[in-house]
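Sequence lines, in order, name chains P and C. Letter 60 of the first sequence, counting from 1, is numbered 694 in my numbering, and no numbers are missing. Letter 191 of the second sequence, counting from 1, is numbered 181 in my numbering, and no numbers are missing.
Check each hint, because a few of them may be wrong.
[Stated by the list, open to error] Here are some chain C residues the structure puts well away from chain P; computed CB gaps all over 12 Å:
{"hint": "1", "residue": "Pro48"}
{"hint": "2", "residue": "Phe63"}
{"hint": "3", "residue": "Ala94"}
{"hint": "4", "residue": "Tyr144"}
{"hint": "5", "residue": "Gly192"}
{"hint": "6", "residue": "Ala349"}
{"hint": "7", "residue": "Leu516"}
{"hint": "8", "residue": "Phe529"}
{"hint": "9", "residue": "Arg566"}
{"hint": "10", "residue": "Gly568"}
{"hint": "11", "residue": "Gln570"}
{"hint": "12", "residue": "Leu578"}
{"hint": "13", "residue": "Ala584"}
{"hint": "14", "residue": "Val593"}
{"hint": "15", "residue": "Leu595"}
[Claimed, not checked] Not everything, but these chain P residues come out facing chain C in the computed CB check (under 10 Å):
{"hint": "16", "residue": "Leu652"}
{"hint": "17", "residue": "Val655"}
{"hint": "18", "residue": "Leu656"}
{"hint": "19", "residue": "Thr657"}
{"hint": "20", "residue": "Arg658"}
{"hint": "21", "residue": "Arg659"}
{"hint": "22", "residue": "Leu664"}
{"hint": "23", "residue": "Ala727"}
{"hint": "24", "residue": "Glu728"}
[Said to hold, decoys possible] Distance ranges between label pairs, derived from CB positions:
{"hint": "25", "chain 1": "P", "residue 1": "Ile653", "chain 2": "C", "residue 2": "Leu565", "range": "51 to 57 Å"}
{"hint": "26", "chain 1": "C", "residue 1": "Leu560", "chain 2": "P", "residue 2": "Glu707", "range": "43 to 49 Å"}
{"hint": "27", "chain 1": "C", "residue 1": "Leu560", "chain 2": "P", "residue 2": "Thr657", "range": "40 to 46 Å"}
{"hint": "28", "chain 1": "C", "residue 1": "Ile589", "chain 2": "P", "residue 2": "Ile701", "range": "28 to 34 Å"}
{"hint": "29", "chain 1": "C", "residue 1": "Leu565", "chain 2": "P", "residue 2": "Ala705", "range": "45 to 51 Å"}
{"hint": "30", "chain 1": "P", "residue 1": "Ile653", "chain 2": "C", "residue 2": "Asn556", "range": "46 to 52 Å"}
Hints were generated in silico from the structure; no laboratory data involved. All figures in this text were calculated on a predicted structure; none of them were measured in a lab. Built from N, CA and C at the ideal position, the CB exists for glycine as well.
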Amino acid sequence: MTLHAYLLLGLALFSLGLIGVLTRRNLIALLIGVELMMNAASLNFMAFNRYVVTDPTVGQIFVLIIIGLAAAEVAIFLSIILRLYREYRDIDAEKLTELRG
Amino acid sequence: MDTLSLLLLTTFTPLFAFLIALIFLLQQPRAAQTVVLLGSVVSLFASIVLFLQGPTEPLRFLWFSSGNIQLQFGFILDGPSLMFGMVVALITGCIMVYSTGYMAHDPDKTRYFSMLSLFAWSMLSFVYAVDLLQAFIFWELVGLASFFLIGFWYEKPSAANAARKAFLMTRVGDVGLFIGVLLILQATGIFDIPALLNPQTGLSTQVSPHTLTWITLLIFVGIMGKSAQFPLHTWLPDAMEGPTPVSALLHSATMVAAGVFLMIRLHPLFMAAETTPVVILTISTFTAILASTIAMVDTDIKKVLAYSSISQLGFMLIGLAAGSLFAGVFHLITHAIFKALLFLCSGIYIHAYETNDMATIGRKGGRNLKATTTGLVIGGAALAGIPPLAGFFSKEEIFAQLGHNGFNIYMAGAFFAAFLTAYYTFRMIFLIVKPDRHEESHDHHHGPLEPLNMKGPVMLLTIGALITGFFGGQIAHMLNIHAEHHALLDMLPAIAVVAIGVFVAYLDYGRSQAQRTGFISNIGALNTLFVNRWYIDSFYNAVIVRLTLAIAALMHWFETHGLDGNFDRLGLNILRTGTQSTRVQNGLMQLYLAWTIIILGIVALYIGMA
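With the sequences and hints as input, model every part of the structure.
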């Protein structure tokens, strides 16, 4: 395995996540897309940490922060989705336009 | 009291009265009237005391200096300013008393009286000014105050137009005056009038005769505007739109007198210049004849008096330009008194019969107003120059000076104008005193036709017109000139001319079977010319006003289509761009995100390639 392979896998993951975010209308799917992109970023950090800079404080700390961030984000995002579903019986992003954003 | 405090009392009391009336007493017209009257009385007494103290050295205070130029504020205390300052204060006082009757029912009395006070302050300060620039400032203030007063009934379009016309036409002259003043500054660096007039070191020794001619001619342009000489005279008859006491003030002691007074002030300069006196003589003689011919045919009493003022101002300038300071000052003072008197009389008639037409006033019984008619006859006789009233001696002085210096053609012109003066004055008197048929006037007034506060000033001025003529010697003494006593034989031509004028007027209007049309109406073309005021107003309207309006229209087009149009278009385009670009903001988050990714991708590609 080379750095190149890791980066390609990260790129593939990021692209899949981006396509998910851009195309899907379901809030859960959007959340999954965002998570995928974050994981792609984490993968890149780890790959660079492994092959370029071997000091664990450079890459691993970022990844730990991202994981923590993702966990917190998921918790908030899911609770919002749950609340929206109870209110509107729907989690389609296109239909939830009451804020005119 | 010392001279300075007297001077401050004379000049500044009207200013304080003006400020107090306008700032604090807008809602209390009676109080404002009292304050202004008090101010005027104080000013009058102070000026009389100053006069009695006699001429002294000028007082000067440095206002500020810039480089070598020193601007000062001060008072000149020679014969002309002392005498004329007193006359101004006296006539202003008379007119203010008279106004309490004339304007009794006007709702805007505070504005009226405060503006009168402003007028008095500007004119008095102008008369005593020692510095040329100081004089110019007050000269302009006089113009401003007369603008306010001519346009006092500003809701009448004719009054508003007359005020504008007066202001603009005098401004035309003031441009000339200002250039002249600046040329003096350029040549000498001083504004001090006594220093400029000094025969050893003054202006006339520092510039070439050619330049001096130009400077005096430019100053004369300003005098032409202010003193209503041809071709800048047309504002003065229109200024009759103001209240009649204002006309009286404007035509006797202030405003128009300011122009003549400036010439008196700078008389040695005018005399030192080469061609200027001849130019002034030509213009003034022509103006005197022109205005008299119009006064011959006009039916409006105020218009007749207005044209008569123009013609008499011409006489004063003739006397001054012929070389006699005394003749100019004397005629200025006598004219101030009898012209104020005549206007005040006409004001009583107008107030009583509500018409300006002389024949109608006569028919409605104008002669029943005894004090007024006495004033009219005496003032008219003084104006016509019947001996021994005021106007006779001063006019005689002018003729004598013209003859003495050999200006024969101008003397002939002046005699002709004097004949016309006698004619139109007695035409006015006969029309009022001997009407063709007498109607009983319907007394629709509640008060008496001649209330005391209007009759009093008229009677006072009547006495003035009777006796001023005998003070020629004293006036000459104040001017340090030795007055020559003219032999009766020398006065004969002047008396004869006046007698002929009065006699012709009697034939035309006075005798019982008179036609009551002037002899001039037999000459159709001349009559038309005179009735239409020599077409000068029509010419100005047709050419100058139209030209100005055309230029204004062109400027307006350029402004709306050029500058303003382009800037409007710029603004509209920015607005349109904004409207178009808001469509991008459609609220679709995912589309935004896609755009963000695309643009970031492009940027990344660009950075990667570079």
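Now for the hints, and whether the structure bears them out:
1. Under the 12 Å C-beta cut-off, the non-interface status given to C:Pro48 relative to chain P holds; the minimum distance is some 82 Å.
2. Distance check for C:Phe63 against chain P: the nearest CB is about 71 Å away, which clears 12 Å, and the non-interface claim stands.
3. Look at C:Ala94: its CB is around 71 Å from the nearest CB on chain P, clear of 12 Å, so calling it non-interface holds up.
4. Distance to chain P confirms C:Tyr144 as a non-interface residue, since its nearest Cβ pair spans about 56 Å, more than 12 Å.
5. Look at C:Gly192: its CB is around 85 Å from the nearest CB on chain P, clear of 12 Å, so calling it non-interface holds up.
6. With 12 Å as the threshold on Cβ separation, the claim that C:Ala349 sits away from chain P holds: the shortest Cβ distance comes to roughly 84 Å.
7. Its beta-carbon lying about 87 Å from the closest one in chain P, C:Leu516 satisfies the requirement of being farther than 12 Å from that chain.
8. Here C:Phe529 stays apart from chain P, with its beta-carbon at least about 71 Å from theirs, past the 12 Å limit.
9. In this structure C:Arg566 is separated from chain P by more than 12 Å, as the shortest Cβ-Cβ distance comes to about 24 Å.
10. The non-interface label for C:Gly568 is consistent with chain P: the shortest C-beta to C-beta separation is roughly 19 Å, beyond 12 Å.
11. Interface exclusion of C:Gln570 from chain P stands, the closest Cβ pair being 20 Å apart, more than 12 Å.
12. With a minimum CB-CB distance of about 8 Å to chain P, C:Leu578 fails to clear the 12 Å threshold, and the non-interface call is violated.
13. Its closest Cβ contact with chain P, about 5 Å, brings C:Ala584 to no more than 12 Å, contrary to its assignment away from the interface.
14. The beta carbon of C:Val593 sits about 16 Å from the closest Cβ of chain P, which is more than 12 Å, so the claim that it is off the interface holds.
15. Every CB of chain P is more than 12 Å from the CB of C:Leu595 (nearest about 15 Å), matching its label as outside the interface.
16. A hinted interface residue such as P:Leu652 counts as satisfied when its beta carbon comes closer than 10 Å to some beta carbon of chain C; here the least separation is about 7 Å, so the hint holds.
17. With a cut of 10 Å, the hint placing P:Val655 at the interface with chain C holds, because the nearest CB-to-CB distance is about 7 Å.
18. With a least beta-carbon distance of about 5 Å to chain C, the hint placing P:Leu656 at the interface is held under the 10 Å criterion.
19. Below 10 Å, beta-carbon pairs count as interface contacts, and P:Thr657 has one with chain C at about 8 Å; its hint therefore holds.
20. Given the 10 Å rule on beta carbons, the hint for P:Arg658 holds: about 9 Å separates it from the nearest Cβ of chain C.
21. Annotation: interface hint on P:Arg659 holds; nearest CB of chain C at approximately 8 Å, less than 10 Å.
22. Evaluation of the P:Leu664 hint against chain C yields a held restraint, the C-beta minimum of about 9 Å falling below 10 Å.
23. Look at P:Ala727: its Cβ gets to within about 7 Å of chain C, closer than 10 Å, so that hint holds up.
24. The interface hint given for P:Glu728 holds, since its Cβ lies 8 Å from the closest Cβ of chain C, which is under the 10 Å cut-off.
25. Take P:Ile653 and C:Leu565: their Cβ atoms lie about 39 Å apart, and the range 51 to 57 Å is violated.
26. A C-beta distance of roughly 48 Å is found between C:Leu560 and P:Glu707, which places it inside the suggested range of 43 to 49 Å.
27. For the pair C:Leu560 and P:Thr657, the beta carbons lie near 43 Å from each other, so the given range of 40 to 46 Å is met.
28. Between C:Ile589 and P:Ile701 the beta carbons are some 30 Å apart, a value that agrees with the proposed interval 28 to 34 Å.
29. Taken as a hint, the range 45 to 51 Å holds for the pair C:Leu565 and P:Ala705, whose Cβ atoms sit roughly 49 Å apart.
30. Distance hint check for P:Ile653 and C:Asn556: the Cβ-Cβ separation is about 50 Å, which falls inside the suggested range of 46 to 52 Å.
The structure shown violates the earlier hints numbered 12, 13, 25.
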